[in-house]
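As they're listed, the protein sequences go chains A and B.
Heads up: the first sequence is residues 1 to 321, going by the numbering used here.
Heads up: the second sequence is residues 1 to 299, going by the numbering used here.
Think of the hints as simulated: they come from the structure by calculation, not from any bench.
Computed from a prediction, not measured in an experiment: that's the story for all the values here.
Incorrect hints may appear among the rest.
What the hints assert, rightly or not - Every beta carbon over 12 Å from chain B, so not counted as near; a handful from chain A, in silico:
(1) L2
(2) E45
(3) G82
(4) G89
(5) R91
(6) L178
(7) R221
(8) W224
(9) V310
Stated by the list, open to error - Computed, partial: chain A to chain B, Cβ under 10 Å:
(10) L19
(11) V20
(12) A23
(13) P134
(14) W145
(15) Y300
(16) L314
Each residue gets a CB set at the ideal place from its N, CA and C atoms; glycine is no exception.
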Amino acid sequence: MLARYIIRRILQLVPVLILVSIAVFLIIRIIPGDPVLVMLGIDAEERVRISEEQYRVLQHQLGFDRPIVIQYLNWMDRIVRGDLGISLGSRRPIFEILLERYPATIYLAVAALLTGLVIAIPTGVIAAIRQNKPADYAAMGFALWGIAMPNFWLALMLIVLFSLKLGWLPSIGYASPLDNPLLFLQHVFLPAIVMGTDLAAPLTRYIRAEMLEQLKQDYVRTAWAKGLPPRMVIIKHAFKNSLIAAVTVVGLQTARLLGGSTIVETVFSWPGVGRLLIEGIYARDYPIVQGAVLLIAVTYVFINLIVDIVYKWLDPRIKLD
Amino acid sequence: MKQEALPRAWSAAGAVNSRISRFLDVCRVIARNRLALLGLVIVSIGLFTAVFAPFLATHDPYEIDIPNRLKSPGGENWLGTDFLGRDTFTRIVYGARTAFQVAIGAVFIGAVFGIPLGAIAGFSGRWIDSAISRVMDAIMAFPGRLLAIALVASMGGGLFSLYIALGVNSIPSYARIVRGVVLSQKEREYVEAARMTGESDFRILFFQVLPNCLSPLLVRLSLDFGNAILAESSLSFLGLGLPPPTPSWGLMLKEVTPFLQLQPMAAFFPGLTISLIILGFNLLGDGLRDVFDPRQYER
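The following block holds chain A by itself, in its conformation from the complex (with noise of 0.2 Å):
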């Protein structure tokens, strides 16, 4: 059952990546400009340089002479087979750059994961177990806020805090952990918090709603007049249903996490995809942007992918569509 679930849902797949893909391949299309001097950052002055033979030549080579559906399909060729062209800048291949890239940003999506959910899940539990008490109030009013605060400023304000005024932490840079997992910790410390502040505010409300959806059922109040010890019946019983519920928002929220990591990795100069794409941006290297960009969107569709399959395996009784 499970398993003709996975296939369906890998079925369904296919034709949003194959959007995701003509999305990402019209990004070049729609800048400003004759993509051919887009594609091998050519400005205006330099264009006069070239000979109308030449310039021909070049537009041949890069597929731009063909018609848009035979290029999108040309190109989609080349991505199957990892080729997603050379960076402008760096004249390298974009597959090694992000392959480069990508485990900088796992990593700290990691971090900012475990952060989150150390935070949201015992904050989230205690507001429901105290409801309509100072620490609800509190952990309510952490998650108001923490879903308004914009993550660049806190990030900021972390910096200031933690690395300017009181000089414990570093404010940029970056160590493998499998190379220097102290180190690594250092530098993760204040953007995982970051990220995992953007992860627990929304999780923490959600968690203390579906505490108190279980606390209210009826196996919660036979588990009480059976006489179970409240640790029991709070963690055993509620809180490993409310968790089921959470895997999702958990999940897509993980899932955001990685479309909203450019910041975070832009202010602590945190070298992965997310930094990687606002580089591109700003060197106007666009294959390099269109790389960085099918990355993560590619990313995010699978992660949604198997927190769907997780959640149909947690709960069987839940129908996916």
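Take the given structure of chain A and dock chain B to it, following the hints.
Then chain B, alone, in the frame of chain A:
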């Protein structure tokens, strides 16, 4: 107290079918929900500031005063000055104008395209519904902020690009809401009755069915205003939004980032303003949801 107010709001809408009395009921329910009221007050202050910026500002938002750069809050400059000596309070006041301008444009584009698309998808069904829904899925397959960044990168910065980039992002949310409501309404008796009186599909859809979407759309609009302001700030902070010297809250933060050590307060106030205005829209949106969706009361 909330639970008492709700049936009145719904009964007023359903039985009397008087829009004015329903509006008054909505106001009453919001007035009783303290958080929603706080949201409304914050949003109103923001809107008032945007409209009357020239009267509220204490300085010229573009006036450079290098000797007075990065001043602490107090004295003539209530919230201090930025790296060019421009008055922070004045630029925040004018920034409200920019924020609301971008948000109104983005929400307008999202609604103008999203509402008819959703309505057509829901009403037509079959392949039209499938085609529109797949395109909406593709837009939603992008993390929102990433799509905005990609579009702004392609089209270049500026107000028009921001309208498009942020508007495109919100098209699917409007389309989905409207499609859902239209699907649930199109088999109802009143639609059948309208058909039998010979009304055209267009009239039935836009004058009979669509008014039913008003409540969820209002909630969405409130949340989207906040989202658009946050997205504009984020893009401007990345240097992809409005060009300097436009007074934009995100741009103000970007410009003072290199001077954090010298004057952290120059970054504190613009960020606080963004947080407050988004909090306002979110509280108002949550409040409106409480009014329109009785199930939320259970939680």
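Now the hints, each set against the structure:
For L2 (chain A), the requirement that its beta carbon stay farther than 12 Å from each beta carbon of chain B is met, with the minimum near 23 Å. A cut-off of 12 Å between C-beta atoms confirms that E45 (chain A) is not in contact with chain B; the least separation is 19 Å. No beta-carbon of chain B is positioned within 12 Å of the beta-carbon of G82 (chain A); the least distance is around 21 Å. Look at G89 (chain A): its CB is around 15 Å from the nearest CB on chain B, clear of 12 Å, so calling it non-interface holds up.
Non-interface status of R91 (chain A) relative to chain B is upheld: no Cβ of that chain comes within 12 Å, the nearest being about 21 Å off. A cut-off of 12 Å between C-beta atoms confirms that L178 (chain A) is not in contact with chain B; the least separation is 27 Å. Listed as a non-interface residue, R221 (chain A) keeps its Cβ farther than 12 Å from every Cβ of chain B; the least gap is roughly 17 Å. Taking the minimum C-beta to C-beta distance to chain B, about 20 Å, the non-interface status of W224 (chain A) holds against the 12 Å cut.
Every C-beta of chain B lies more than 12 Å from that of V310 (chain A), the closest at about 19 Å, which supports listing it as non-interface. Interface hint at L19 (chain A): satisfied, since its Cβ lies 3 Å from the closest Cβ of chain B, which is below the 10 Å cut-off. Hint status for V20 (chain A): holds, given a least beta-carbon distance of 5 Å to chain B, under 10 Å. Interface hint status for A23 (chain A): upheld, as the beta-carbon distance to the closest one in chain B is roughly 6 Å, under 10 Å.
Interface hint at P134 (chain A): violated, since its Cβ lies 16 Å from the closest Cβ of chain B, which is beyond the 10 Å cut-off. Interface restraint check: W145 (chain A) against chain B, minimum CB-CB distance 7 Å, threshold 10 Å, status holds. Checking Y300 (chain A) against chain B: minimum C-beta separation of about 5 Å stays under 10 Å; hint holds. This hint is violated: L314 (chain A) has a C-beta 21 Å from the nearest C-beta of chain B, more than the 10 Å allowed.
Taken one by one, the earlier hints fail for this structure at numbers 13 and 16, listed in ascending order.
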